[in-house]
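Visitor: Sequences listed follow chains G and S, in order.
Mind the numbering: the first sequence is residues 2 to 254 in my numbering, read in order.
Mind the numbering: the second sequence is residues 46 to 365 in my numbering, read in order.
FYI, nobody ran anything at the bench for these hints, they're computed from the structure.
Keep in mind it's a predicted model, so treat the numbers as computed, not measured.
Idealized CB from N, CA, C, for every residue including glycine.
Among these hints, one or two may not hold up.
In silico DSBU-like links for lysine-lysine, alpha-carbon gap of 35 Å or less [as the list claims (entries may be wrong)]:
(1) G/87 - S/64
(2) S/179 - G/87
(3) S/165 - G/87
Which stretches of chain G does chain S cover? Using the computed rule of at least three CB atoms under 8 Å from a CB of chain S, they are [claimed, not checked]:
(4) 11-21
(5) 93-103
What follows is each chain in one-letter form.
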Amino acid sequence: MTAVSLYVAHAGTMVRRELIRTLRTVDSIVISLMVPVGILFAFVWVFGGAIQSGGGYVNYVMPGLLLMCAAFGSSQTAVSVAQDIKSGVVDRFRTMPIAGSTVLAGHVVASTLRNLATSAVLLGCAVLLGFSPQATWGSALAAVALLLAFILAFTWLSTLAGLLLSPEAASGLTSITIFLPYVSSAFVRPETMPSWLQGFAEHQPFTPVTEALRAFLLGGDAGATGWIAVAWCVGLGLAGWVGSAVIFRGRRS
Amino acid sequence: MKTELAIGVSRLRKSFGGKAALADIDLSVPAGSVFALLGPNGAGKSTLVAILTTLLRADGGTATVGGLDVGRQAAAVRNLLSVTSQASAVDEFLTGRENLTMIGRLHLLGGAKAISRADKLLRDFDLHGAADRKVSTYSGGMVRRLDLAMSLVRRPEVLFLDEPTTGLDPRSRLAVWNAVRGLSKQGVTVFLTTQYLEEADQLADSIAVLNDGRIVAQGTADELKRLVPAGHVEFGFQDPQDFGKALTLIRAERGNAGNNVNKDDEFLTVRVATTDSAAVITSVVASLSAGGCTASSIAIIKPTLDDVFLALTAKQEAKQ
Ligand SMILES: Nc1ncnc2c1ncn2[C@@H]1O[C@H](COP(=O)(O)OP(=O)(O)OP(=O)(O)O)[C@@H](O)[C@H]1O
Ligand SMILES: [Mg+2]
Chain G
2 MTAVSLYVAH
12 AGTMVRRELI
22 RTLRTVDSIV
32 ISLMVPVGIL
42 FAFVWVFGGA
52 IQSGGGYVNY
62 VMPGLLLMCA
72 AFGSSQTAVS
82 VAQDIKSGVV
92 DRFRTMPIAG
102 STVLAGHVVA
112 STLRNLATSA
122 VLLGCAVLLG
132 FSPQATWGSA
142 LAAVALLLAF
152 ILAFTWLSTL
162 AGLLLSPEAA
172 SGLTSITIFL
182 PYVSSAFVRP
192 ETMPSWLQGF
202 AEHQPFTPVT
212 EALRAFLLGG
222 DAGATGWIAV
232 AWCVGLGLAG
242 WVGSAVIFRG
252 RRS
Chain S
46 MKTELAIGVS
56 RLRKSFGGKA
66 ALADIDLSVP
76 AGSVFALLGP
86 NGAGKSTLVA
96 ILTTLLRADG
106 GTATVGGLDV
116 GRQAAAVRNL
126 LSVTSQASAV
136 DEFLTGRENL
146 TMIGRLHLLG
156 GAKAISRADK
166 LLRDFDLHGA
176 ADRKVSTYSG
186 GMVRRLDLAM
196 SLVRRPEVLF
206 LDEPTTGLDP
216 RSRLAVWNAV
226 RGLSKQGVTV
236 FLTTQYLEEA
246 DQLADSIAVL
256 NDGRIVAQGT
266 ADELKRLVPA
276 GHVEFGFQDP
286 QDFGKALTLI
296 RAERGNAGNN
306 VNKDDEFLTV
316 RVATTDSAAV
326 ITSVVASLSA
336 GGCTASSIAI
346 IKPTLDDVFL
356 ALTAKQEAKQ
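One chain only, chain G, in its complex shape (with noise of 0.2 Å):
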């Protein structure tokens, strides 16, 4: 077997494990699917008379939803790393002819599989109650790879949370990546927002990304924005990786 394949063999089983333990712990999905859902719900009923159905702001709204989810869904992945190093299972694999790094690969690809499927159902929720997107076949492809993106970055993010907390914090931890699209261009326009707001909400990585998927999803022109975008999935993805592997060679239980 060449190393390539081993690695590729060893991070199979890793992810299967991980997979296991998403489908024990399907509470975790379930939370990350209910607050965008029932955001959708308030616009479309609770809000229904006021915002014109079938239209603008369920249009407007739904890339931030998407990106709510995907950010707390990949911020899962800070607990589950933080109690694989508690259970000292990660030691058992270090003393194994394994390379570490393929626990952190499993729960990576893991991460990326749960959250591709929630924001598929968050999808398919959007479109029955109204959201009616304007994309090329193109534009399509450019939605699904910023999400990706996004999804990577935030899940080495919390990759590298996982490594650095207890079990406990990385979990309080991932109640900020609730909070965090409500400061942003995710709802409503930084502009409307007290100034001292603004200028946090302009330059936080929600916003690009916001401002992007949007484009890319309702047929605008994303300029310049979309490679703003890019920059900060890459720049956050880089930094939690780069900072995980280095953390992860000299952690112990």
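Given chain G, work out where chain S with the ligands should sit, using these hints.
Guide: Same frame as chain G, but now just chain S with the ligands:
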């Protein structure tokens, strides 16, 4: 028995924040033998196991497993060993069976083989009843047994067991002992740490006693037992006056060997250390009755291995 070394340790050092956990350790374990490392809490046992199993880097000295350096050839060393650490190392979200098949897959056994191997180990370690329950619902002893089973999915050349029977009931302990004996018959070298001398006595071909980061004694169980007095005869007395008088008589009777006589003022007992308790009883009783006093009780106290352990580890404390 093969003569090559399974484990060789020379002048191994490790400290944590200035405090030495291991100070110039030398050890050698012949291939195919069972080696026991005994020591009290904090002696450095787990630290040594962590270094030998490539989890921790030593500060100095060399350590080899199967002739390979654990620092520089860590990847190759991992091919030879399995370890059950003191802290459990299982995935609590998986069932016992899933844990075992996962390890099988990581050893590239292939699906069917991994499953049948898991099945056999579940039966061997009396876990088949709980095989399909999540490990988080297991009792402490069950987790321990699963942890051990996970180390045996693939037969290692060198097996490290860090306090494998701590917290196990007598039946499970026997199961572990039998597993160790079985592996040893198959030629597996076993390095185990324990706090129980009986365990070392039962299993090990050779024993080292580690105390405060240093090896304070090394040898077979019998050699270690010879390091402390073989036993005591204990004479008890009713009232302090009798006790005082008897003490003088016994000391006089023992003569040169007087330093083998110890008293306990609280319980009014006099202990005579000896290898021949019958002779001591005969002569002491004779001299007591000649002196006009009688003992209210006489007991023969055999040394336990724990006495050896306490004596060896206490010696070190006295030196400091
Ligand atoms: N990661 C660490 N950081 C700081 N000190 C440590 C660390 N690991 C071990 N020590 C110290 O090193 C010494 C030896 O510890 P070790 O765990 O090897 O003992 P042990 O013989 O296994 O004890 P026990 O029987 O309690 O398991 C102790 O004084 C301990 O406090
Ligand atoms: Mg220990």
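Visitor: Would you mind marking each hint as holding or not holding in the structure?
Guide: Consistency of the hints with the structure:
no., hint, verdict
1, G/87 - S/64, "holds, 25 Å"
2, S/179 - G/87, "holds, 17 Å"
3, S/165 - G/87, "holds, 29 Å"
4, 11-21, "holds (count 5)"
5, 93-103, "holds (count 7)"
Going through the hint list in order, the structure satisfies each hint without exception.
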